[in-house]
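**Q** Let's have the full structure, built from the sequences with the hints guiding it.
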Amino acid sequence: MAKHETPLLDQLESGPWPSFVSDLKAQAERRAKNVEGVEFQIPQDCVADLLGVLELSYKHGRTHWKHGGIVGVFGYGGGVIGRYCDQPKLFPGVEHFHTMRVNQPSGKYYTTDYLRSLTKLWDLRGSGVTNMHGATGDIILLGTTTPQLEEVFWTLTHDMNQDLGGSGSNLRTPADCLGQSRCEYACYDTNALVYFLTNQYQDELHRPAFPYKFKFKLDGCPNCCVASIARSDMSFIGTWRDDIRINQDAVNKYVENDPKYPANAGAFRGSRDWGKFDLEKEVLGLCPTKCMKFENKKLSIDNANCTRCMHCINVMPRALKIGKDTGLSILVGAKAPILDGAQMGSLLVPFVEVNPDNDYEAITSVIENVWDWWMEEGKNRERLGELIMRQGFQKLLEVTGIEAKPQHVSYPRTNPYIFWKEDEVTGGWERDVDEYRKHHLR
Amino acid sequence: MAFISTGYDPAKPMENRITDIGPKDYNDFYPPVIAKNKGKWSHHEILEPGVLVHVGDSGDELYTVRVGGARIMSTGHINEICDIADKHCNGYVRFTTRNNIEFMVDSKDKVEPLKNDLKSRKFAGGSFKFPIGGTGAGVTNIVHTQGWIHCHTPATDASGTVKAAMDALFTDFQDMRLPAQLRVSMACCLNMCGAVHCSDIAILGYHRKPPMLDHEYLDKICEIPLAISACPTAAIKPAKVKLANGQEVKSVEVKQERCMYCGNCYTMCPSMPLADTDGDGIVLMAGGKVSNRISAPKFSKVVVAFLPNEMPRWPSMTATIKRMVDAYAKGAQKYERMGDWAERIGWEKFFEACEIEFTHHLIDDFRQQAYMSWRQTTQFKF
Numbered sequence: 000m001a002k003h004e005t006p007l008l009d010q011l012e013s014g015p016w017p018s019f020v021s022d023l024k025a026q027a028e029r030r031a032k033n034v035e036g037v038e039f040q041i042p043q044d045c046v047a048d049l050l051g052v053l054e055l056s057y058k059h060g061r062t063h064w065k066h067g068g069i070v071g072v073f074g075y076g077g078g079v080i081g082r083y084c085d086q087p088k089l090f091p092g093v094e095h096f097h098t099m100r101v102n103q104p105s106g107k108y109y110t111t112d113y114l115r116s117l118t119k120l121w122d123l124r125g126s127g128v129t130n131m132h133g134a135t136g137d138i139i140l141l142g143t144t145t146p147q148l149e150e151v152f153w154t155l156t157h158d159m160n161q162d163l164g165g166s167g168s169n170l171r172t173p174a175d176c177l178g179q180s181r182c183e184y185a186c187y188d189t190n191a192l193v194y195f196l197t198n199q200y201q202d203e204l205h206r207p208a209f210p211y212k213f214k215f216k217l218d219g220c221p222n223c224c225v226a227s228i229a230r231s232d233m234s235f236i237g238t239w240r241d242d243i244r245i246n247q248d249a250v251n252k253y254v255e256n257d258p259k260y261p262a263n264a265g266a267f268r269g270s271r272d273w274g275k276f277d278l279e280k281e282v283l284g285l286c287p288t289k290c291m292k293f294e295n296k297k298l299s300i301d302n303a304n305c306t307r308c309m310h311c312i313n314v315m316p317r318a319l320k321i322g323k324d325t326g327l328s329i330l331v332g333a334k335a336p337i338l339d340g341a342q343m344g345s346l347l348v349p350f351v352e353v354n355p356d357n358d359y360e361a362i363t364s365v366i367e368n369v370w371d372w373w374m375e376e377g378k379n380r381e382r383l384g385e386l387i388m389r390q391g392f393q394k395l396l397e398v399t400g401i402e403a404k405p406q407h408v409s410y411p412r413t414n415p416y417i418f419w420k421e422d423e424v425t426g427g428w429e430r431d432v433d434e435y436r437k438h439h440l441r
Numbered sequence: 000m001a002f003i004s005t006g007y008d009p010a011k012p013m014e015n016r017i018t019d020i021g022p023k024d025y026n027d028f029y030p031p032v033i034a035k036n037k038g039k040w041s042h043h044e045i046l047e048p049g050v051l052v053h054v055g056d057s058g059d060e061l062y063t064v065r066v067g068g069a070r071i072m073s074t075g076h077i078n079e080i081c082d083i084a085d086k087h088c089n090g091y092v093r094f095t096t097r098n099n100i101e102f103m104v105d106s107k108d109k110v111e112p113l114k115n116d117l118k119s120r121k122f123a124g125g126s127f128k129f130p131i132g133g134t135g136a137g138v139t140n141i142v143h144t145q146g147w148i149h150c151h152t153p154a155t156d157a158s159g160t161v162k163a164a165m166d167a168l169f170t171d172f173q174d175m176r177l178p179a180q181l182r183v184s185m186a187c188c189l190n191m192c193g194a195v196h197c198s199d200i201a202i203l204g205y206h207r208k209p210p211m212l213d214h215e216y217l218d219k220i221c222e223i224p225l226a227i228s229a230c231p232t233a234a235i236k237p238a239k240v241k242l243a244n245g246q247e248v249k250s251v252e253v254k255q256e257r258c259m260y261c262g263n264c265y266t267m268c269p270s271m272p273l274a275d276t277d278g279d280g281i282v283l284m285a286g287g288k289v290s291n292r293i294s295a296p297k298f299s300k301v302v303v304a305f306l307p308n309e310m311p312r313w314p315s316m317t318a319t320i321k322r323m324v325d326a327y328a329k330g331a332q333k334y335e336r337m338g339d340w341a342e343r344i345g346w347e348k349f350f351e352a353c354e355i356e357f358t359h360h361l362i363d364d365f366r367q368q369a370y371m372s373w374r375q376t377t378q379f380k381f
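Residue numbers (numbering that gives the first Met the number 0), protein chains in the order written: chain A, 0 to 441; chain B, 0 to 381.
No wet-lab data here; the hints were simulated from the structure.
Heads up, a few of these hints could be off.
[Unchecked claim] Cross-link-like lysine to any residue pairs, in silico, SDA-like; alpha carbons within 20 Å at most:
(1) A:LYS320 with B:GLU44
(2) A:LYS289 with B:ALA295
(3) A:LYS58 with B:THR276
(4) A:LYS252 with A:LYS297
**A** This is the structure:
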């Protein structure tokens with residue numbers, strides 16, 4: 000017998016998509032039965048109360064959570080988010096129900112041994128409810144009480160060699176796509192770089208010293224599967240500088256509609272028949288720069304005019320491969336709309352090498368120059384993108400020591416209101432008005 | 000329920016403390032075939048919806064079965080994922096950026112038993128625990144935020160709207176009939192923890208009423224300067240207010256026409272709640288993308304200014320989303336993303352094709368970028 004009636008939530012149990020309500024109900028029941036004899040450190044009926052308070056929100060159309068106070072683990076300014084229920088008498092099991100963010104591994108690969116140690120810990124010291132994963136990338140542990148925070152942290156760090164992620168005005172937990180571990184498009188090892196950067200900047204991640212949040216996201220190629228270009232203050236997107244590698248035999252297999260060479264790696268193998276694959280129409284015709292030709296069964300690419308959009312490679316992955324001179328582009332300033340409107344990442348570094356042998360020096364120097372400027376000039380709660388808007392892209396180039404290139408703009412400015420610096424103008428701005436008047440009468 | 004200590008002593012927090020150790024080393028979590036072929040993959044192929052094969056230069060094959068998951072997940076459910084991974088995948092499993100779960104096996108004969116096992120598992124209420132799909136030219140899992148299950152500023156629920164939407168889109172999760180991939184994202188208030196602003200379809204919770212003011216408690220509970228500085232539009236200023244009992248207290252005043260209902264003041268000051276049954280609901284956006292493929296990444300556009308919260312299944316929202324997906328499937332050319340389709344046919348035709356009413360709320364009036372969205376040509380369609 001469930002602790003609370005949930006007639007509205009019950010309607011979310013039907014339908015084919017996995018029902019979180021069914022999962023939570025089963026979890027509430029497991030805790031109630033407690034077959035394994037867990038010595039629950041927070042109320043045993045907390046999941047039943049979580050369902051109860053959620054049902055109340057479905058009835059009212061309003062949340063019943065309060066943001067809450069300063070809670071955390073000693074010495075860290077992030078990783079824990081305080082959360083309290085605004086109906087503690089009705090739902091005492093979730094009166095205090097804080098979130099902990101656990102730094103996910105690169106590529107989100109796991110062993111079951113690790114996951115089981117995490118679930119065991121969270122059953123003992125928390126609600127047993129998680130998010131796999133949160134929007135930034137962390138493993139989210141949803142719901143525990145204040146006295147358990149240090150205990151969970153102790154077990155994570157001592158027994159599992161595992162740290163918390165970021166929250167607040169600090170470096171948020173960096174996230175990556177799976178990269179070269181399982182993708183032939185990846186231009187660099189995202190898993191290694193995100194691991195390095197996360198460890199390199201632990202202080203920035205745990206101890207808020209920034210004007211606001213700061214996000215790193217790493218995409219192995221311009222397909223941008225982790226959406227770094229839209230949602231990270233600093234986005235690292237794999238690219239290459241040389242030629243797309245072509246296997247002409249494989250190109251012709253695609254042209255001949257060989258079933259082992261399905262267009263777009265089989266992405267259209269659904270209920271709809273799109274007809275025969277047509278190289279001219281589907282690849283050459285859709286190439287944004289029209290830099291490809293197919294003559295006498297030979298595909299040629301004018302690589303100097305290719306913008307590496309990935310379309311032809313996505314369509315014919317067995318025939319076309321990324322180049323060999325690979326690295327990454329750095330784009331900066333992306334953020335969601337609040338406040339001045341959404342910003343997409345803007346290209347700051349067209350190409351930089353990804354070199355683990357010198358600790359990615361070329362990349363960390365850009366990061367640190369950007370941070371120095373933002374920490375000095377950024378206002379409270381001003382994202383990097385907004386600072387760039389306020390002080391100008393030219394200022395960003397100046398503080399990072401990067402030379403302006405046409406690649407930095409979609410098109411040059413449409414107004415001539417150039418704010419020259421005094422030292423850019425021959426003779427400077429100090430002039431003698433009396434000398435001027437000798438030739439120009441008042 | 001006796002307190003069990005790990006050894007942590009609150010009186011000596013620094014004793015034996017371990018900090019700044021970062022995440023686990025990913026190398027410890029790679030399945031052997033991944034570790035062996037990393038950086039040396041030749042190509043991949045989607046064999047059927049939800050099933051991929053990656054082929055290494057070495058000739059090694061890795062088969063992946065992708066299944067959807069509710070991102071809110073109990074430890075019991077995770078343990079079941081572990082049971083499956085132990086049984087079929089030598090104890091390895093991974094999650095995708097979009098909350099899918101991937102089970103990987105190193106030979107083709109292991110795929111069918113794995114698929115059959117996954118398909119056979121259902122929740123007590125009848126839904127699939129591990130539906131196979133989410134690949135190629137179809138709909139994959141919806142990324143989303145907390146909503147009413149754990150957040151203080153949501154204007155709608157996240158898990159519930161996503162469950163309802165995914166039920167409506169389920170055939171497209173298990174099919175690949177669309178002109179290109181279609182990404183749906185959900186954020187439960189305009190702060191967008193879920194950064195949904197570049198999705199083919201975005202579900203966004205939105206408040207429409209400025210905060211209420213709990214004058215009697217405001218100065219006792221809140222730091223007034225923090226509440227004032229939290230407001231992104233500078234709509235809050237300090238005020239002296241006379242209570243019903245004649246007592247004068249320090250509080251704040253909100254310039255209501257400047258409020259954009261973000262709830263940032265409520266985060267700083269619990270005496271400024273803004274949630275409201277009638278005021279809160281759903282905004283739908285469409286036509287965004289993050290990939291650089293063919294066209295540049297682009298922002299989603301607001302296509303429905305407001306739909307009421309209709310618990311528990313949001314039927315108006317799911318019907319509108321379904322209309323958009325079906326109109327896109329019918330009208331777009333192969334490889335064309337929803338936003339590229341809308342731009343090719345013109346947004347006036349998008350509203351027609353999707354049977355969505357255009358209202359004045361959809362014309363941008365927020366700051367300078369509004370101008371960029373007005374039509375500055377005589378080229379339009381009747």
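**Q** Give a verdict on every hint.
**A** Cross-check of the supplied hints:
no.	hint	verdict
1	A:LYS320 with B:GLU44	holds, 15 Å
2	A:LYS289 with B:ALA295	holds, 15 Å
3	A:LYS58 with B:THR276	holds, 9 Å
4	A:LYS252 with A:LYS297	holds, 12 Å
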